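Could you put together the complete structure from these sequences and hints?
Sequence lines, in order, name chains A, B and C. Numbers -3 to 426, taken from my numbering, label the letters of the first sequence in order. Numbers 536 to 924, taken from my numbering, label the letters of the second sequence in order. Numbers 9 to 57, taken from my numbering, label the letters of the third sequence in order.
Hints are computed from structural coordinates only; laboratory data are not their basis. All values derive from a computational prediction rather than experimental measurement. Be a bit skeptical, because a hint or two may be false.
[Unchecked claim] Quick list of simulated restraints, FRET-style, between CB atoms:
| hint | chain 1 | residue 1 | chain 2 | residue 2 | range |
| --- | --- | --- | --- | --- | --- |
| 1 | B | G675 | A | I(-1) | 28 to 34 Å |
| 2 | B | K678 | C | I27 | 33 to 39 Å |
| 3 | B | K855 | A | I(-1) | 17 to 23 Å |
| 4 | A | I(-1) | B | K678 | 24 to 30 Å |
| 5 | B | T783 | A | A404 | 42 to 48 Å |
Note that CB positions come from ideal geometry on N, CA and C, so glycine has one too.
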Amino acid sequence: MSIFASTQIILAVMVVTYIITKALKVSTELSMFAAAIAGALAGGAGIPARHIVEGAFTYLDIILIFITATLFMNILKESGGVAYVIRGILRKFHRNKVVLFVLITFLLLIPGALTGAGSVTVLITGSMIAVVLGYMGISKPKTAAIIFILAGLSAAAPPVSLWAMITAAGVNMPYVGFFLPLLIPCLLLSLLTIFILGWSKKPVNLKKALEELPEASPKMNWLRVFLPFLVFLLLVLAGRIWPHSFPVIGLPLMFMAAASVSLLLSPVRLNFLKISRETVHQLLPLIGTLTCVGILVQIMTLTGVRGLIAITIVTLPLIVVLLTLFLVLPVSEAVLMWGAAPVLGVPLVLLFNTIGLNPIIALAGMSVIWPLGDALPPTAIIGRLTHTAVEMREPYSRLLKYCLIPGAIIMIVGTLMVVFSKKLAFLTLL
Amino acid sequence: MSVKWLFIRKGISAISGLILLVFAGVSFYKSRHLKEPVVLSPGVSQVKKLSEYFTGIKGTINDSNVYILEGEKPGGTILLIGGTHPEEPAARLTTWIFTENAVVEQGKLIVINSANRSASTVTRLGGAYPPDFTIPTSWGGQKFRMGDRWSNPLDQWPDPEVYIHYPSRQELAYVDIRNLNRTFPGRPNGTLTEKTCYALTQLIRKEKVDIVIDLHEAELQYPVISTIVAHQNGLDLAALASMIISGTEGFNIGVEYSPPALHGLSHREIGDHTDAISLLLEAPEPFLDATRGRTDRALLLEGKDEFVVKAGRHGLLFEKMDENGWPIDVRIGRHCSTILQIIELWSEEKPDKTVKVREVPRYTDVIEKGTGYFLRNPAKADPKKIYYE
Amino acid sequence: MIITILYYLLTGYIAFLIIWNLLKSKKWQEEILYIIILLPFLLRLFRLK
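This is the structure in structure tokens:
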């Protein structure tokens, strides 16, 4: 039997196992784990403990970011800070929606742009903005779609775009010249999304909103709310301004520092241990997904299934590659997350470079499309995080429905950036 | 559900987890602590520690061995760096061939087998690398650690959200703060990887090294492959070596100019920050290709993969790939011959800086006899002559 | 160095939270998932990976 045929069989075994376990009402995370074990067995690797555990490590640092950022936000919520901010924003801007939308766009873009992680946007500003949008008369699914799309674009936005950085590193290209090619589409597409999904002439019902919103403690004030954010921002900026005299702190510890400040400044007494336990429980499906995806990818690599998928895609005819980018990139993101950059990004950029396209603009275009995959199964990591953060009761598919129009625009813009990358090369300023 | 049943169920789950934990933990421990013997060649006159050039790394895992081979007559000084990226095994094994065989008649040859020893104690997450591999020898075989591209997080944790290179301030992917070939020239108060680069830079300065050769391997989809990457100060030497090798050694090797805007790499920063000529050699390693099939020891050693062959047929590769693959002997042989040619050409051009090396096999010798032929049996060696990596 | 130690403390704290939640959990799927996600935390704490 050829290696192609035998690897296809392993892939089939993994897919069938996933389908069967899902049909048996097993969770997505455990179904992926089962698919990985079945793949390893079908590939003749037995139950490879080393590879299973090594795969489980893949996203440990991201998991730490998720836990610490959510812990920070939960502390802020419990202390009444979130309610205080939302009441303030609504009082100040309820008459001027345009200004409010632009403000919201920036509030959503900045955390992800600085850290490279859309999850940080969802966790830090997403849940607060969701409530504001809710009182502007925007439904929960629409709100979730706005936050998801902007979180994705914030992750792709400069200065830190991990897809672009990882792919650039893989083809030995300096991460230089990406600022405008990433900033312009991310900013314009964000504004377009929020106005398409959120615009209505209906005025904000301030009275109703203020009645419904929980009252923050009278001792709460702007200083208590913003000091933790300021600590976080200062730590990020210090690392950027003095990278060679300031120690490497890492995002998880920065979030813990912000959480500690928030805890100390809380006007109400908080049970830190209880909030921590609930945070871990709240994030279990996401952490579980990340861990199980890591295991799945490791087993796919071990058995050659990852290579089979990669080789099948990159050897399609060029026109098909270009026309299916909008599909292939989000799907690869949905399965591999940032792992999609080395697996598909690298060969695709090399392919584009070979045929004379501008690799920087093409990669920027791809980086804008990639985050859309974070709403798709099996992982749907940012999509599900948004679903939770927004406290959406409607089914997840409603979020996806509202993502369709802005998603399609993003796909078209990204693909056009790849196709016309040579003409857009001036944006690199190189 | 009864409490008893809940207890039993949790117990079974916990025991299953514990079994996974123990098996994986033992495997990780074994590969991190696998000792790789180096039986010193009669030509090795001293074995120093990297910390002798910069005390800041003393006691760390990256305080690597520095093998010094000196000739009787004075001459130039050449530094070979292996293990910059320990996931590129032919680079490390080439240094073994030198430290176990080379004899220097004139000048000085300095060899480092594990420049980033930390990275040699861990395998890439998601990469499904085997923990080790064995090179067959007439006395059985010698086992080596398979490593990673990045330092082990057990030795350097956490990473920043973005890595800003010193001194250029170029922004790079966060993981590259643990990539030895992105942290040159290094800094004394930096991370372990940056300190290691600083120690290497200090070694180059203190030993007045004339040429630094950093050994690597690359995936075939990577445009910089089967080549000598040269800083502008070594471009003529590299071009001449490429011409002669392609004409006489039985394989082709190209020349690439080190891009001035790409920071942190040895071929750029060593040339910019020291007086040495800096060159980097790349050999083809299909094991690293993103389109590779089954990831196992066979692929690592034989370099045969049908998926990568298919990528080649579609024009996606920058090096030929057929059913013969790229066996490790071929990759090591390429490195050996390229190093020898560079040294010979340099010595012809600068007679007062001559470095004369013998007993090192060339490309055809390594392919004919196999790498294992040039590894020495530690069981039969004088224990004083054995060092461990 | 101090920062690295803080990371180990954070890892230990999260491992403790996972174990606590695992003990309190009543759903079998949740239990298995807690055990899977616990593995990297423990191996990092034991300095094995």
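Okay, the hints, checked on the actual structure:
1. B:G675 - A:I(-1): 28 to 34 Å: holds, 30 Å
2. B:K678 - C:I27: 33 to 39 Å: Cβ of B:K678 to Cβ of C:I27: about 37 Å, so the range 33 to 39 Å holds.
3. B:K855 - A:I(-1): 17 to 23 Å: Between B:K855 and A:I(-1), where Cβ atoms are some 20 Å apart, the hint holds.
4. A:I(-1) - B:K678: 24 to 30 Å: Between A:I(-1) and B:K678, where Cβ atoms are some 27 Å apart, the hint holds.
5. B:T783 - A:A404: 42 to 48 Å: violated, 59 Å
In this structure, the one hint that does not hold is number 5.
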